[in-house]
Amino acid sequence: MTTLKRTPLYACHVEAGAKLVDFAGWEMPVQYSGSTGGVIEEHRAVRTAAGMFDVSHMGEVRVRGAGAEAFLQRLTPNDVSKLAPGRAHYSGLLTDSATYIDDLLIYRLAADDFLVVVNASNAERDFAWMAERVTREEKNSVEVTNESDRYALIAVQGPQAVPILTPLMTPGAADVRYYGFLQGEVAGNPAILSRTGYTGEDGFELYLSPEDAPGIWRLLLDAGVKPAGLGARDTLRLEAAMALYGHEIDETTTPFEAGLAWVVKLDKGEFAGRAALAAQRAAGIPRKLVGFEVRGRGIARQGHAVLSPESGEAVGTVTSGTWSPTFEKALGMAYVPAAMAAPGTALSIDVRGKSLPAVIVDLPFYRRAK
Amino acid sequence: MYPTDYLYSREHEWIRVEDDVCVLGITEFAQQELGEVVFVELPEVGQVFNTDDEVGTIESVKAVAEVYIPVAGEVIEINDAVVDDPELLNEDPHGEGWLIKVRFSSASDLKVLMSAEKYEEYVKSGEA
Chain A
37 MTTLKRTPLY
47 ACHVEAGAKL
57 VDFAGWEMPV
67 QYSGSTGGVI
77 EEHRAVRTAA
87 GMFDVSHMGE
97 VRVRGAGAEA
107 FLQRLTPNDV
117 SKLAPGRAHY
127 SGLLTDSATY
137 IDDLLIYRLA
147 ADDFLVVVNA
157 SNAERDFAWM
167 AERVTREEKN
177 SVEVTNESDR
187 YALIAVQGPQ
197 AVPILTPLMT
207 PGAADVRYYG
217 FLQGEVAGNP
227 AILSRTGYTG
237 EDGFELYLSP
247 EDAPGIWRLL
257 LDAGVKPAGL
267 GARDTLRLEA
277 AMALYGHEID
287 ETTTPFEAGL
297 AWVVKLDKGE
307 FAGRAALAAQ
317 RAAGIPRKLV
327 GFEVRGRGIA
337 RQGHAVLSPE
347 SGEAVGTVTS
357 GTWSPTFEKA
367 LGMAYVPAAM
377 AAPGTALSID
387 VRGKSLPAVI
397 VDLPFYRRAK
Chain B
33 MYPTDYLYSR
43 EHEWIRVEDD
53 VCVLGITEFA
63 QQELGEVVFV
73 ELPEVGQVFN
83 TDDEVGTIES
93 VKAVAEVYIP
103 VAGEVIEIND
113 AVVDDPELLN
123 EDPHGEGWLI
133 KVRFSSASDL
143 KVLMSAEKYE
153 EYVKSGEA
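The listed protein sequences derive, respectively, from chains A and B.
Every position in the first sequence, counted from 1, becomes a number in the numbering used here once 36 is added.
Every position in the second sequence, counted from 1, becomes a number in the numbering used here once 32 is added.
Hints listed in this document are in silico derivations from the structure and should not be mistaken for laboratory results.
Hints should not be assumed to be uniformly reliable.
Unchecked claim - The list that follows gives simulated cross-link-like pairs (lysine-lysine, BS3-like), each with its CA atoms no further than 25 Å apart: (1) B:K94 x A:K55; (2) A:K41 x A:K55; (3) B:K156 x B:K94; (4) B:K133 x B:K143; (5) A:K41 x B:K94; (6) A:K365 x B:K94; (7) B:K150 x B:K133; (8) A:K118 x A:K301; (9) A:K390 x A:K365; (10) A:K55 x B:K156; (11) A:K365 x A:K304; (12) B:K94 x A:K390; (13) A:K390 x A:K118; (14) A:K304 x A:K175; (15) A:K324 x A:K301.
What the hints assert, rightly or not - Covered by chain A, per the in silico footprint, the following chain B stretches (three or more residues, Cβ under 8 Å): (16) 66-73; (17) 148-158.
By construction, the Cβ of each residue, glycine as well, lies at the ideal position given by its N, Cα and C atoms.
Bound conformation, chain A alone (with noise of 0.2 Å):
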């Protein structure tokens, strides 16, 4: 037996009657109970005003030197020479057949300063990933560091954070554009304040240090902020329809086929994947993940068998799925054959043996309003 770890906001977690469950090894809160808990209401929270996640599982890996852009721009898809001091960009790690290790942001510190973030499910196997591709040539001008425990993280998302926060950020924050930061601090504490999020909303990725964090989300909580567990992290992430690995992405999908092209910079030089990409983009992409409503009654949810209308055959499957509490309604993402794949296609989803109908719609399910 293996005791699951705790983030530094675990009391809190307690505090608020949260619902806690093993998540990548991590105690973490799935919901929280009261009248403004559970995944629905939380997830509204977000959507209407503001929801905070503590999301301090997530690993962080640094990475420095006059050769760390070089060695970034290697092991990653995106163009990481484009990437100015104060920004950020989605990424990933892709093995030689450009299939995904993991999806993560990296943030571009200083010039030869980088902070990549990474799932907290993947973080051991990102870091040593990144660590055995230091050639001994890079030894002298590249340093990977695991940084995970150096940072508590807070999301704060939806329409009311930025107004909520501005008040007890470094003046300026507020003017920070989407997948900028600011290195400053929250309530007269450091942090990273990062226009960043997983759920489709505007608001900002709060790195603190672990024993800040605590005091932090209490002041959150006091200036009306409501805690939102992994339930509604995914409902949200799943409406504004982001990939979620082990999901939509993982070591038997390229970006291409996951709807990620825009992250791959095939001109930008040589990277891990690149001739796997040029090669699936010349033979054509066989498979795409699309989006479905349901239409009929039930959820479809990841591993059900998405079945050809003539034939009955499994032809494809789901990714994710859910039952929406913005639009009320089981939507989901699937794989299915790129000549299948155009909004309006039917499909019949097998779902604990009954075939349950539902139709392609385009992505995202959810923008917010600009």
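With the hints as your guide, set chain B onto chain A.
Below, chain B alone, put in the same frame as chain A:
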């Protein structure tokens, strides 16, 4: 918490016996575990089931639960209110959130079910 005139199954269903008819629902524990219910699928009136057959499903955002019938019999009524308003299951699982009424054939099926007291122990024991 658990009505003493009901009987309970290990799958967290309750039964209320009214002569040769039993009313079936899911327990408070089940509703808490499921979270907010969004779909309820019930059988049709007239369907006949054997003991422990699956008679329906209850879906929440995060989970699906099958409902098993602890007695053999014929469905004589279903609760349309709960199909139209699944939240009833969360709000009043032992009352308004009842699922189906079954005319049952064998009283011996009831013998394996638990009393309210035994069910509470079962839930507390962590085996549930």
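Outcome of the hint check:
no.	hint	result
1	B:K94 x A:K55	13 Å, holds
2	A:K41 x A:K55	15 Å, holds
3	B:K156 x B:K94	23 Å, holds
4	B:K133 x B:K143	19 Å, holds
5	A:K41 x B:K94	23 Å, holds
6	A:K365 x B:K94	14 Å, holds
7	B:K150 x B:K133	24 Å, holds
8	A:K118 x A:K301	11 Å, holds
9	A:K390 x A:K365	18 Å, holds
10	A:K55 x B:K156	16 Å, holds
11	A:K365 x A:K304	42 Å, violated
12	B:K94 x A:K390	19 Å, holds
13	A:K390 x A:K118	49 Å, violated
14	A:K304 x A:K175	24 Å, holds
15	A:K324 x A:K301	19 Å, holds
16	66-73	holds (count 5)
17	148-158	violated (count 0)
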